[in-house]
Amino acid sequence: AQTVTQSQPEMSVQEAETVTLSCTYDTSENNYYLFWYKQPPSRQMILVIRQEAYKQQNATENRFSVNFQKAAKSFSLKISDSQLGDTAMYFCAFGAGNTGKLIFGQGTTLQVKP
Amino acid sequence: DAGVIQSPRHEVTEMGQEVTLRCKPISGHDYLFWYRQTMMRGLELLIYFNNNVPIDDSGMPEDRFSAKMPNASFSTLKIQPSEPRDSAVYFCASSLRGARAAFFGQGTRLTVV
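So the sequences go chain by chain: C and W.
Under the numbering used here, the letters of the first sequence match residues 2 to 115, in that order.
Under the numbering used here, the letters of the second sequence match residues 73 to 185, in that order.
So here's chain C without its partners, still in its complex pose (with noise of 0.2 Å):
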């Protein structure tokens, strides 16, 4: 069974600091999908980010990016120049190619301070 851990129950930044956010996760399959969730006070899940496992290269969105490493069964997100609006819960998500099935982090409470 696929499992998701997200360690960091909260945390915080300060306004245009960068900061990042753990996820490691746990797998037998070759084939699969990761993703970073964005849930702010309006309750909303916005999806931020994607990476397909097969690519080496590391996603990127405007200020957000991930650190993939695959050996290691790690997927962080990096947010720079943290803004406001940045201030939300993120979920990381494991999906599995084979069944679509998609398995969720416990999440990490991100405060930006200004």
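These aren't lab readings, by the way, just hints derived from the structure by calculation.
A hint or two may mislead.
Covered stretches of chain W (in silico footprint by chain C; criterion: 3 or more residues with CB under 8 Å from a CB of chain C, positions within the stretch not fixed) [as the list claims (entries may be wrong)]: (1) 115-123; (2) 161-167; (3) 172-180.
Partial chain C-side listing against chain W, Cβ under 7 Å, derived [unchecked claim]: (4) S29; (5) R44; (6) L48; (7) R51; (8) L85; (9) G101; (10) L103; (11) F105.
Just so it is clear, the structure is predicted and the values come from calculations on it, not from any experiment.
Think of the CB as a built atom: it goes at the ideal place given N, C-alpha and C, for glycine as much as any other residue.
Fit chain W to the given chain C structure using the hints.
Chain W only, in chain C's frame:
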């Protein structure tokens, strides 16, 4: 596209009553997921469908929970009878060809009193 549409946004019901949550996935998506979010347990996958067929319902907590997908554009999650511990936010999400990005609805906040 309007995105995933869930109804109602909020539901307050009395213990023992039947509750039905509704979801309209994004047109063309072939996977549909039902999740439950609570403070204690986080985001749990309850059940998911592929092409309207339930694939994995191992996350459904009890027989009081049931889900259907009669066609590609509609799914329901029913709780009968409801209990206070069912109080949570229930999300529906859909994706295309599985394990691509899932797009979520706004969620239904269910309160059972």
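Going through the numbered hints above, which ones does this structure break? Give me the numbers in ascending order. 4, 8
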